[in-house]
Structures are given as structure tokens and as C-alpha cells.
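With the sequences and hints as input, model every part of the structure.
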Amino acid sequence: MTGRGRELADVLKRRRVNVACLQETKWKGNKAREIGEGYKFYYCGSDGKRNGVGVVLDSGMKERVTDVKRVNDRMIVVKLMIENKVVNVVSVYAPQTGCEESVKEKFWEQFDCMMMGIPEREDVYMGGDFNGHVGRVNDGYERVHGGWGYGVRNREGEVLLQAAYAFDLAVVNTWFQKRDQHLVTYKSGHHATQIDYLLIRRNQIKSVKNCKVLPGEDLVSQHRILLADICLTVRLNKHKDRPPPKIKWHLLHKEGYASEFRELVVNKMIEMGDMEGMSVNECWKEMADCIRSVARKVLGETKGKRMIDKDGWWWSESIREVLREKKNAFKEWQSVEDQNESIKESKRGAYKECKKRAKKEVAICRAEAHDKLYLSLESPEGQKRLFQIARARERNGRDVSHVKCIKDDSGRILTDDESIKKRWKEYFEKLMNEENEWNGMLENPPVNMGLVREISVEEVKMAVRNMKNGKAVGPDGIPVEVWKLLRADGWKWLSLFFGKLLQEEQIPEEWCSSILVPIFKNKGDVQNCSSYRGIKLMSHTMKVWERVIERRMREECEITQNQFGFMPGRGTTDVIFALRQLCEKYKRVHKDLHMVFVDLEKATIGFPVRSCGGR
Numbered sequence: 001m002t003g004r005g006r007e008l009a010d011v012l013k014r015r016r017v018n019v020a021c022l023q024e025t026k027w028k029g030n031k032a033r034e035i036g037e038g039y040k041f042y043y044c045g046s047d048g049k050r051n052g053v054g055v056v057l058d059s060g061m062k063e064r065v066t067d068v069k070r071v072n073d074r075m076i077v078v079k080l081m082i083e084n085k086v087v088n089v090v091s092v093y094a095p096q097t098g099c100e101e102s103v104k105e106k107f108w109e110q111f112d113c114m115m116m117g118i119p120e121r122e123d124v125y126m127g128g129d130f131n132g133h134v135g136r137v138n139d140g141y142e143r144v145h146g147g148w149g150y151g152v153r154n155r156e157g158e159v160l161l162q163a164a165y166a167f168d169l170a171v172v173n174t175w176f177q178k179r180d181q182h183l184v185t186y187k188s189g190h191h192a193t194q195i196d197y198l199l200i201r202r203n204q205i206k207s208v209k210n211c212k213v214l215p216g217e218d219l220v221s222q223h224r225i226l227l228a229d230i231c232l233t234v235r236l237n238k239h240k241d242r243p244p245p246k247i248k249w250h251l252l253h254k255e256g257y258a259s260e261f262r263e264l265v266v267n268k269m270i271e272m273g274d275m276e277g278m279s280v281n282e283c284w285k286e287m288a289d290c291i292r293s294v295a296r297k298v299l300g301e302t303k304g305k306r307m308i309d310k311d312g313w314w315w316s317e318s319i320r321e322v323l324r325e326k327k328n329a330f331k332e333w334q335s336v337e338d339q340n341e342s343i344k345e346s347k348r349g350a351y352k353e354c355k356k357r358a359k360k361e362v363a364i365c366r367a368e369a370h371d372k373l374y375l376s377l378e379s380p381e382g383q384k385r386l387f388q389i390a391r392a393r394e395r396n397g398r399d400v401s402h403v404k405c406i407k408d409d410s411g412r413i414l415t416d417d418e419s420i421k422k423r424w425k426e427y428f429e430k431l432m433n434e435e436n437e438w439n440g441m442l443e444n445p446p447v448n449m450g451l452v453r454e455i456s457v458e459e460v461k462m463a464v465r466n467m468k469n470g471k472a473v474g475p476d477g478i479p480v481e482v483w484k485l486l487r488a489d490g491w492k493w494l495s496l497f498f499g500k501l502l503q504e505e506q507i508p509e510e511w512c513s514s515i516l517v518p519i520f521k522n523k524g525d526v527q528n529c530s531s532y533r534g535i536k537l538m539s540h541t542m543k544v545w546e547r548v549i550e551r552r553m554r555e556e557c558e559i560t561q562n563q564f565g566f567m568p569g570r571g572t573t574d575v576i577f578a579l580r581q582l583c584e585k586y587k588r589v590h591k592d593l594h595m596v597f598v599d600l601e602k603a604t605i606g607f608p609v610r611s612c613g614g615r
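For what it's worth, UniProt numbering labels the leading residue of the sequence shown as 1, then goes sequentially.
Hints in this document: simulated from the structure, not taken from any laboratory. Where is the CB? At the ideal position from N, CA and C, for every residue including glycine. Treat the hints loosely; a few may be bogus.
To be verified - Per label pair, the in silico range of CB-to-CB distance: (1) 422 to 536: 15 to 21 Å; (2) 387 to 454: 35 to 41 Å; (3) 165 to 96: 21 to 27 Å; (4) 600 to 575: 14 to 20 Å; (5) 595 to 395: 32 to 38 Å.
Given below as C-alpha cells:
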């Protein structure tokens with residue numbers, strides 16, 4: 001697999017393959033990664049010199065993954081939820097003929113344990129290199145062997161058929177009558193065998209419409225790709241995965257776009273004046289609509305298409321050209337009869353030369369692309385770009401980045417959209433509205449009466465400047481970068497608008513809604529709602545308003561000097577260092593040191609709301 005990920009993705013896309021099982025990948029570690037064209041590779045390896053298995057899923061299937069179980073470097077199970085069915089995709093690599101008997105026995109013991117761990121009600125689709133010959137005839141194994149195999153059965157093939165019979169698995173590529181070249185899965189010189197097989201539940205054999213070997217693909221020179229057409233009942237929605245169009249706010253940093261955008265929005269602010277006679281909702285709606293319409297006109301919108309090929313950004317036309325030459329050379333080599341040894345050997349040499357040239361071209365193009373990337377990272381925007389790349393790699397390396405199907409209170413898996421939405425709604429309603437016990441000691445707190453000064457431009461300016469760029473926007477879709485671009489004109493309008501909020505004692509209705517996004521905590525059951533942390537995406541303009549109010553509240557509150565964290569200039573790093581020094585000194589003089597650490601579970605959510613009543 002090393003250096004062939006993108007080439008594999010091209011072949012899978014051209015052949016319209018949704019799921020692929022790979023063996024002898026020889027990759028280290030147990031991870032997942034994008035290989036291009038929307039395909040994701042889940043793999044399990046050992047030392048990078050031998051064995052290794054993996055499963056490749058396309059852009060539609062990888063979003064249905066609920067669990068990945070890596071048994072060892074010879075077995076991996078990827079669990080999918082397709083409609084109301086649980087599907088297990090298994091990739092297997094059996095020990096070679098020359099391996100010790102103890103290795104083979106251990107493999108089949110682990111195979112039995114793996115299969116017994118899969119409930120009978122779940123479907124199984126297993127592709128593997130079993131290094132055995134099941135033979136052309138099916139005597140004694142008529143239920144699992146279709147009678148259209150290749151060659152003569154050997155001992156390893158007998159063990160495979162016994163395992164298939166024990167778990168009622170049909171060997172799919174023996175159920176279709178094909179020519180020998182569409183049955184042979186391994187060919188080296190004059191040696192041709194059938195050692196790669198596809199196994200599924202015996203009661204699912206009717207779902208397989210065709211199964212054959214592709215002798216013309218040059219991805220590997222000895223093994224042949226085994227392809228099966230399997231019909232599954234899946235509801236398709238062409239627009240399901242298409243995200244809504246988004247305004248290209250990143251263009252605000254470019255001078256030409258920024259000046260035009262600023263001019264049009266400032267003209268609208270001048271037209272609105274001091275907003276006399278307008279309600280809070282009317283003021284905000286008019287300004288927000290103006291900002292969004294001007295942004296669409298000046299900055300433009302995305303087309304609403306999902307970017308699925310971010311990993312193959314370095315793949316060039318020159319690489320495709322040498323790969324086409326390699327494929328043609330492979331076909332010419334394979335088309336020569338075995339009797340013409342001299343011609344076949346010359347064609348084989350030509351193929352090897354094309355293969356070497358293709359490998360060199362891939363290395364050159366990748367190196368050139370990486371050099372350009374390294375140079376771009378040295379620019380002022382390079383640090384931000386570097387963190388984006390790191391986050392993307394970490395995100396792509398997760399087995400399950402998100403899961404659609406979740407469990408209800410009783411542990412039953414929900415699959416339909418309405419039930420899933422209802423479950424999330426019930427969970428977060430209960431979580432957000434649960435209050436801890438309160439003794440009511442603050443029944444009549446003292447009220448700090450006094451005049452409320454107007455919101456100044458300086459307060460707004462400080463609040464806007466302290467907000468970070470590049471954050472996800474709320475339902476209104478307006479980022480804080482807009483107010484940073486408008487500068488004095490925008491700050492003045494906000495100060496007038498915030499003053500109106502204070503005077504009328506209400507906020508715009510659009511600010512009352514937010515987008516709640518569940519983020520997996522990377523621990524616990526991925527299908528359990530409690531394993532997710534809810535993040536609310538709110539209006540950035542409302543956050544500016546909150547910062548202004550929060551700064552005023554800090555001026556009225558007395559916070560002790562031993563409060564660290566959530567305080568400007570008083571982070572927790574210094575305190576942690578002081579505690580560490582304290583521990584070392586006590587340890588040096590052999591004295592006991594007692595410390596108490598308290599973590600309040602969901603402290604901010606369970607806060608008694610009634611204690612915050614009143615104005």
C-alpha cells in the first residue's frame with residue numbers, strides 16, 4: 001500500500017466500488033486515513049514488514065461506520081449501519097502455506113472467536129486472502145461451495161470450507177460459472193491459483209448478482225482484484241450530503257472585496273441614522289439582512305458541494321499519464337500466451353520499466369508539492385495553516401468522526417431520522433433544564449440600585465477586538481470579522497444599537513436561537529448521547545453584547561486574589577507550577593501533604609436558575 005493509496009482510490013472510483021477489503025498492506029499502527037476521491041482506509045498492522053489488513057470505504061459508507069474492531073494484523077472488522085441493518089465488513093489474511101502449524105491453529109481459533117462475537121442477526125461480508133485452494137468440485141460442502149471453483153482442493157482449502165460450513169458462510173466466487181481467467185486470483189509466472197475469496201451469510205447469497213476477477217487491473221502484478229456486485233436496499237437521496245451554500249467570508253481579508261463591502265454597509269448605517277421609531281427586532285433585521293445581501297453580492301457563495309478529495313491535492317496529470325502507460329504495458333504482458341516465453345519476458349520487462357517510471361513520477365510530484373507547502377507555512381498565515389493541517393489529519397485519523405444512529409434510554413439503536421432527532425431533543429432538554437438542589441438562602445438578595453451609563457464606543461471597540469477570528473457562526477451567519485472590518489463606523493452603530501437594547505430591555509428574536517452541535521468526547525460509547533458534549537453556536541454580535549455586559553459586571557464584583565482561571569492575567573499555569581514545587585518540598589522533608597480536588601459534574605448546567613432571578 002505504501003505510495004499507492006491515491007492510485008487505489010482512482011481504481012475504486014473508476015470501478016464504482018463502495019467497499020474494499022485489502023490484505024498484506026504492510027503498514028504500521030492501527031489508524032484510519034483518507035486516501036483520496038472520498039475514500040477512507042481503516043487499517044491494522046504490526047511492524048510494517050509483514051501482514052496487515054484493512055478496509056476501504058467510499059464517502060457514503062464511511063459515514064455509516066459505528067465501530068471498528070482490530071483483532072490483530074490478520075483480521076479487522078468494520079461495523080456499518082445501513083438502513084435498519086447492521087453490516088460487518090471483515091478483512092482477513094490467513095497464514096501462508098509455509099507457516100508453522102501453531103500459527104495456523106492460532107489464526108483459526110481467533111477467526112472462530114471473531115465470528116462468534118458477531119450476532120447471527122447481523123450481516124457479514126468477508127473478503128480475504130485465505131492462502132488455500134477450495135477446488136473446482138464441491139463434494140461434501142454443497143451448502144457453502146457453489147461448484148464453480150478453480151484447481152484442486154488442498155488442506156488449507158479444506159479448513160476454510162469447514163469454517164464456512166460451521167458459520168454458514170457461502171464462498172461467493174464459487175457460485176458463478178466463469179472462465180478460468182475470471183476465477184484465478186493469483187498468478188505468478190506459470191503458476192495460477194485461486195486463494196482470495198468473498199464470504200457472506202448463506203441466506204444472503206441471492207443478494208450477490210455477480211462475482212468475478214478483474215485480470216486487466218495493474219494495481220498489483222500477482223494478485224487480481226476480486227469484484228462482487230451486491231444488491232442492498234438503501235434509500236438514496238441525491239441532495240442529502242450536499243451542505244448549504246456559505247458566504248465566502250474569508251475574502252474580507254482581501255483589499256478589493258473589503259473596501260467595496262465596507263462602503264455599501266456603511267451607507268446603510270448612515271441611512272438608518274439613530275434608529276428612532278424602530279424596534280429592536282426591526283433594527284437588527286434590517287442591518288443583518290443588509291450585511292448578508294451585500295456579502296452575497298460582493299464576496300459570493302460556495303456552490304454547496306462537498307469537498308471529498310482533499311488528500312489528493314498533489315495528484316497531477318503527469319502522474320495519470322504514466323499510470324495509463326503502466327496499465328497498457330500490464331495488459332500487453334498479460335495478453336501474451338505462456339508458450340511465447342521470449343515475447344512474454346520482453347513485455348514483462350517493459351511493464352517493470354513503466355512501473356519504475358510511475359513510482360518515480362509519484363515521488364517527484366509529491367516532493368514538489370510538499371516543498372511548496374513548506375514555503376507557504378513560512379508566511380504570516382503559515383502558522384494558522386499549519387494548525388489547520390494538524391487538525392484535519394487528526395480528524396481524518398479517527399475511526400468514527402461522527403455517528404448518525406444512536407441509542408435510546410433502553411439501549412435500542414435508532415435508525416430513522418425522526419426518532420434520532422427526537423432522542424437528541426429529549427436528551428438535551430433534560431440535560432439543560434436539570435437543576436441541583438437549592439436551599440433558597442438568597443431569596444431576597446440586596447439590589448444594587450443606580451444609574452446605568454450608556455454603552456460607549458470604546459467599550460464596543462474593546463469587546464470586538466478581544467474576540468477571535470475564524471470561529472463558527474451562529475444562525476444569523478454573520479462573523480465578528482464584519483465588525484472588525486467596519487471599525488469606527490461599525491462600533492458606533494453597535495453602541496447605539498446596544499443602548500437601544502438597554503433602553504427597551506429586550507434582545508432581537510434571532511439571538512434567542514442557536515445551533516446545538518454534539519461533539520464526541522473521544523471516550524465512552526459512540527452511540528450514547530451522554531458521550532457527547534453539546535456546543536452551542538450563537539450569534540457573534542450577541543457575544544459582543546455579552547462581553548460588554550460581562551466587563552461591567554466584573555467592575556462591580558469583588559473576586560479574591562486566590563482565584564485563578566477565567567481571570568485576565570491569572571491563568572492556571574502558575575498555580576500548577578506552585579503546587580508542584582510545594583509537593584517536591586514536602587517530599588524532600590518527608591512530610592505529608594493533603595490536597596483536595598473537587599470537580600462539579602455539569603456545574604454550569606445544573607446551576608439553580610431561580611437564584612439568578614430579578615434585574
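Structure-based check of each hint:
1. 422 to 536: 15 to 21 Å: holds (20 Å)
2. 387 to 454: 35 to 41 Å: Roughly 40 Å apart at Cβ, these two residues keep to the hinted range, so it holds.
3. 165 to 96: 21 to 27 Å: With Cβ atoms ~23 Å apart, the hint holds.
4. 600 to 575: 14 to 20 Å: Given range 14 to 20 Å: holds, Cβ gap about 18 Å.
5. 595 to 395: 32 to 38 Å: holds (37 Å)
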